[in-house]
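A.B. asks: Using the sequences and the hints given, assemble the complete structure.
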Amino acid sequence: MSHPGLLTACAAMLRRDLTLAWRRRGDIAMPVLYALIVTMLFPFALGPEDTLLQRIAGGVVLVTVLLAMLLALDAMFSSDIEDGSLEQLVLAPQPLALMLGMKILAHWLTTALPLIVIAPLLAAMLHLPGAVIPVLLLALLLATPLLSLLGAVLVALTAGTRRSGMLLALMLLPLCVPAVIFAAGAVAAAQQGLPWLAPIAWLGAALVLAVVLAPLACAAALRIALDA
Amino acid sequence: MSSWIPLWLHKLGSPPTFYRFAGSLRPWAMALALLFGAIALYGGLVLAPADYQQGDAYRIIFIHVPSAWMSMFIYAVMGVAAFIALVWRLKLAEVVAMESAPIGAAFTFITLVTGSLWGKPMWGTWWTWDARLTSELVLLFLYLGVIGLYHAFEDRRQGARAAAFLAIIGIINVPIVHFSVNWWNTLHQGSTINVFGQSKISWDMLWPLLSMVLATKFYYIASLFRRVRTDLLALEGGKDWVRKIAESESRQ
Amino acid sequence: MSALQTFLAMGGYAVYVWPAYAVFFIVLIVDSIAPRLRRRRVLRELRARIARQSSRQDRVRQDRAASNPITTPPSL
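Chains as they are written, first to last, in the working numbering: chain A, 1 to 228; chain B, 1 to 252; chain C, 1 to 76.
Quick caveat, the hints were computed from the structure, so don't treat them as lab data.
Each hint should be verified, as a subset may be incorrect.
Stated by the list, open to error - With a straight-line cut-off of 25 Å between C-alpha atoms, the simulated SDA-like cross-links for lysine to any residue are: (1) 244(B) with 11(C); (2) 217(B) with 33(C); (3) 239(B) with 15(B); (4) 244(B) with 32(B); (5) 120(B) with 11(C); (6) 91(B) with 50(C); (7) 11(B) with 39(C); (8) 239(B) with 7(C); (9) 91(B) with 11(C).
C.D. replies: Written out as structure tokens, the structure reads:
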């Protein structure tokens with residue numbers, strides 16, 4: 001019996017997850033709607049002054065995107081655990097870390113990418129200057145995969161438990177403090193006309209590290225959580 | 001396991017042996033904790049002179065600094081125990097790691113509260129987003145995450161292994177948080193307050209502090225041993241040695 | 001002012017110093033009492049389990065003796 005090559009397996013994994021996500025298109029829209037509503041609440045709560053909204057715009061968009069991702073994170077492995085396909089994946093001859101990496105990629109494509117697409121709209125609602133929006137998008141492009149990767153490890157750890165929603169938030173929020181600081185720092189620096197490359201570089205370095213290590217940690221965590 | 005580990009250490013790793021060992025050591029640790037604590041309180045509150053800058057408010061240092069050290073020391077112990085638990089699947093290491101977490105969380109909580117009670121008269125604010133304070137707060141959340149994950153599992157040993165994994169991730173996280181908050185503070189200058197100036201502490205103030213450091217260490221040992229003993233009884237409920245203990249204690 | 005009053009006043013910082021010490025002791029006392037109570041509960045549950053098991057064994061033995069007089073020879 002010959003196993004399909006690694007690339008074929010990866011592509012199949014990605015295609016499967018994307019197809020499943022496409023069949024439940026409504027779920028993809030939920031985080032986007034959530035982010036829109038949360039952003040809409042800020043002017044109501046703080047008053048419609050341009051200067052105030054401008055000052056907080058970058059941070060609000062980042063935190064909103066983070067919370068919207070947290071909302072969707074819980075579902076990353078849950079359906080696969082319910083129907084047992086995750087256990088099949090653990091037993092598969094292909095390296096588990098690689099397969100999980102593909103699942104994380106699919107999850108990022110279906111939840112974080114739509115959020116990044118509407119991020120300029122969210123920023124515009126809060127009057128963020130147009131010149132800063134590319135920096136915001138760059139920061140989001142580096143910070144959201146980092147959050148997906150970190151979140152995946154924690155979701156894998158809670159795979160064997162029933163209640164995990166609030167617990168996941170409690171576990172993830174301390175871990176994502178550095179990512180929020182650097183992403184918001186880059187946006188704030190760009191807004192003040194300061195060089196913003198350094199925090200972006202830090203984010204990039206963290207992302208490279210996470211891309212290598214997080215799938216391995218995720219695989220280890222999943223083996224712990226599923227081993228009964 | 002390899003042969004360089006002496007035999008007595010292997011024996012100590014077995015639950016009944018450790019139960020007896022911890023039981024005989026615990027009262028001594030508690031007595032030493034109370035003794036050193038009493039000495040430190042007398043030295044710190046009565047004997048030590050008032051600080052020429054801070055007046056008597058500095059006396060909070062005698063509980064604040066030892067608690068802060070314990071909050072980090074216990075996390076380190078938990079990390080080492082968690083690593084041993086994951087690599088060698090030693091039941092005792094799992095129990096030590098999981099029972100350290102509530103004690104560490106207690107000390108972290110004390111550090112935060114006493115720190116803010118100290119900060120109010122000294123800096124005029126209960127809280128500032130300094131790197132040390134923020135790291136301590138993140139440490140509290142890490143402890144709570146470990147405790148929460150441990151209790152989310154129905155199977156205790158599986159929960160212990162998952163939470164041990166989280167504890168190790170947390171160890172990597174703390175220095176990164178510290179570094180990033182430092183960087184963040186340089187960006188938002190003006191909100192920074194020099195928390196601990198470089199000052200030489202006099203011997204009158206130093207010895208009660210060191211005595212309290214010893215007291216908290218011994219307290220940790222005593223509390224940890226009591227918790228570990230209880231946990232071992234619960235985990236090994238079906239075994240003979242536990243039954244004997246249960247029966248002998250009911251006769252008393 | 002007596003010496004005790006000066007001591008309790010803490011140079012005007014009593015509102016900060018004493019609550020700090022109170023928190024320290026309350027948290028540590030709670031931390032040391034909680035496992036004591038838990039130990040008592042664990043032991044109680046253990047004894048209950050042991051009692052249940054031994055009573056079930058007794059009952060099974062009696063039931064066998066009572067309901068199966070044919071399969072259980074009277075000589076045993």
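A.B. asks: Now tell me if each hint is right for this structure.
C.D. replies: Taking the hints in turn, this is what the structure says about them:
| no. | hint | in the structure |
| --- | --- | --- |
| 1 | 244(B) with 11(C) | violated (57 Å) |
| 2 | 217(B) with 33(C) | holds (18 Å) |
| 3 | 239(B) with 15(B) | holds (11 Å) |
| 4 | 244(B) with 32(B) | violated (30 Å) |
| 5 | 120(B) with 11(C) | holds (15 Å) |
| 6 | 91(B) with 50(C) | holds (24 Å) |
| 7 | 11(B) with 39(C) | holds (24 Å) |
| 8 | 239(B) with 7(C) | violated (55 Å) |
| 9 | 91(B) with 11(C) | violated (51 Å) |
Consistency note: the structure conflicts with the earlier hints numbered 1, 4, 8 and 9.
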